[in-house]
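Enquirer: The residues making up each chain are set out below.
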Amino acid sequence: GNSVTQMEGPVTLSEEAFLTINCTYTATGYPSLFWYVQYPGEGLQLLLKATKADDKGSNKGFEATYRKETTSFHLEKGSVQVSDSAVYFCALRAMTAGNKLTFGGGTRVLVKP
Amino acid sequence: DSGVTQTPKHLITATGQRVTLRCSPRSGDLSVYWYQQSLDQGLQFLIQYYNGEERAKGNILERFSAQQFPDLHSELNLSSLELGDSALYFCASSPSGTIYEQYFGPGTRLTVT
Chain A
7 GNSVTQMEGP VTLSEEAFLT INCTYTATGY PSLFWYVQYP GEGLQLLLKA TKADDKGSNK
67 GFEATYRKET TSFHLEKGSV QVSDSAVYFC ALRAMTAGNK LTFGGGTRVL VKP
Chain B
25 DSGVTQTPKH LITATGQRVT LRCSPRSGDL SVYWYQQSLD QGLQFLIQYY NGEERAKGNI
85 LERFSAQQFP DLHSELNLSS LELGDSALYF CASSPSGTIY EQYFGPGTRL TVT
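Protein chains in written order, with our numbering: chain A, 7 to 119; chain B, 25 to 137.
Hints may contain errors.
Between beta-carbon pairs, the in silico distance windows are [to be verified]: (1) A:Glu14 / B:Gly108: 21 to 29 angstroms; (2) A:Gly15 / B:Asn83: 35 to 43 angstroms; (3) B:Thr44 / A:Arg114: 42 to 50 angstroms; (4) A:Glu82 / B:Pro94: 14 to 22 angstroms; (5) A:Gly47 / B:Gly108: 44 to 52 angstroms; (6) B:Thr137 / A:Gly111: 49 to 57 angstroms; (7) B:Ser51 / A:Arg73: 19 to 27 angstroms; (8) B:Pro32 / A:Ala23: 37 to 45 angstroms; (9) A:Arg73 / B:Arg42: 43 to 51 angstroms; (10) A:Pro16 / B:His34: 20 to 28 angstroms; (11) B:Glu77 / A:Thr18: 23 to 31 angstroms; (12) B:Ser51 / A:Tyr45: 33 to 41 angstroms.
Here are the simulated BS3-like pairs of lysine-lysine, each with C-alpha atoms no more than 27 angstroms apart in a straight line [to be verified]: (13) A:Lys55 / A:Lys66; (14) A:Lys58 / B:Lys81; (15) A:Lys66 / A:Lys118; (16) A:Lys58 / A:Lys74; (17) A:Lys62 / A:Lys74; (18) B:Lys81 / A:Lys55.
Everything labelled a hint here was simulated from the structure, so no lab data went into it. Every residue gets a Cβ at the ideal spot worked out from N, C-alpha and C, and that includes glycine.
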């Protein structure tokens, strides 16, 4: 079946540090890939997405590239801020599974000033 | 604000009881999805409705049921509650068609005591 594996947290960083959160997936067909962010006490917000191989999703300084050869969609940000402290979820949507999202376990990121 | 509303925000109830969670999708969205977020299971897809009809089912227990009404709002009914049902329940909505991303509500936190 479809699955998403992402690095366990928590990840603790200083402000302006470089952030990488690894995400790999297993899916049939050609899934769409997403990163969602959950700020404390809030719901999930779509951060970025990529729908085909080699697509790069980007938003708010975050980037992720759909790598079919390594089945990965790692999230990166060059200079994090305290306001980036949140839980980040990698997810996939496989066409063979309708429109449901399959999520990774989430990675908590804490950015210290 | 995603435009998806969920009520109530918090719910505390006892084992064996029955509760109903409500979701109003974004204006114009025909699909509604329910997800459960728990510490041990992570974020899991429960069920999807499209324009009043069940479209897909995930890891939803038989004690749980859902429906989508003609005005497109949806309700998730949880019965014979157990301690393990304590979780954050999210509703998401999307327009028709599988190419669209899902927009999540703020969630309902259910605590079973």
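Enquirer: Each hint needs a verdict: does it hold in this structure or not?
Expert: The hints, checked one at a time:
1. The hinted window of 21 to 29 angstroms between A:Glu14 and B:Gly108 holds, with their beta carbons roughly 22 angstroms apart.
2. Against the hinted window of 35 to 43 angstroms, the Cβ-Cβ separation of A:Gly15 and B:Asn83 comes to about 24 angstroms, which falls outside the hint.
3. For B:Thr44 paired with A:Arg114, a C-beta distance near 31 angstroms fails the hint of 42 to 50 angstroms.
4. For the pair A:Glu82 and B:Pro94, the supplied restraint of 14 to 22 angstroms is violated, since their beta-carbon distance comes to about 45 angstroms.
5. For A:Gly47 and B:Gly108, the Cβ-Cβ distance of about 23 angstroms falls outside the hinted range of 44 to 52 angstroms, so the restraint is violated.
6. The hinted range of 49 to 57 angstroms is not satisfied by B:Thr137 and A:Gly111, whose Cβ atoms lie roughly 26 angstroms apart.
7. Remark: the range hint 19 to 27 angstroms for B:Ser51 to A:Arg73 is contradicted by a beta-carbon distance near 36 angstroms.
8. At roughly 39 angstroms, the beta-carbon separation of B:Pro32 and A:Ala23 lies within the given 37 to 45 angstroms, and the hint holds.
9. For the hinted restraint 43 to 51 angstroms between A:Arg73 and B:Arg42, the CB-CB distance of approximately 46 angstroms keeps it satisfied.
10. With their beta carbons about 25 angstroms apart, A:Pro16 and B:His34 fall inside the hinted range of 20 to 28 angstroms.
11. Between B:Glu77 and A:Thr18 the C-beta distance comes to about 46 angstroms, which lies outside the given range of 23 to 31 angstroms.
12. In this structure the supplied range 33 to 41 angstroms is violated for B:Ser51 paired with A:Tyr45, their Cβ-Cβ distance being about 24 angstroms.
13. With a CA separation close to 13 angstroms, the supplied pair A:Lys55 and A:Lys66 stays within the 27 angstroms bound.
14. Between the alpha carbons of A:Lys58 and B:Lys81 the distance comes to roughly 26 angstroms, so the proposed pair stays at or under 27 angstroms and holds.
15. Taking the CA atoms of A:Lys66 and A:Lys118, the gap is about 19 angstroms. The hint holds against a cut of 27 angstroms.
16. Distance check on the hinted pair: A:Lys58 and A:Lys74 sit about 8 angstroms apart at the alpha-carbon level, within 27 angstroms; holds.
17. Restraint check: the Cα-Cα separation between A:Lys62 and A:Lys74 comes to about 12 angstroms, which is no more than 27 angstroms; the hinted pair holds.
18. Proximity of B:Lys81 to A:Lys55 is assessed by CA-CA distance (about 24 angstroms); at most 27 angstroms being required, the pair is judged to hold.
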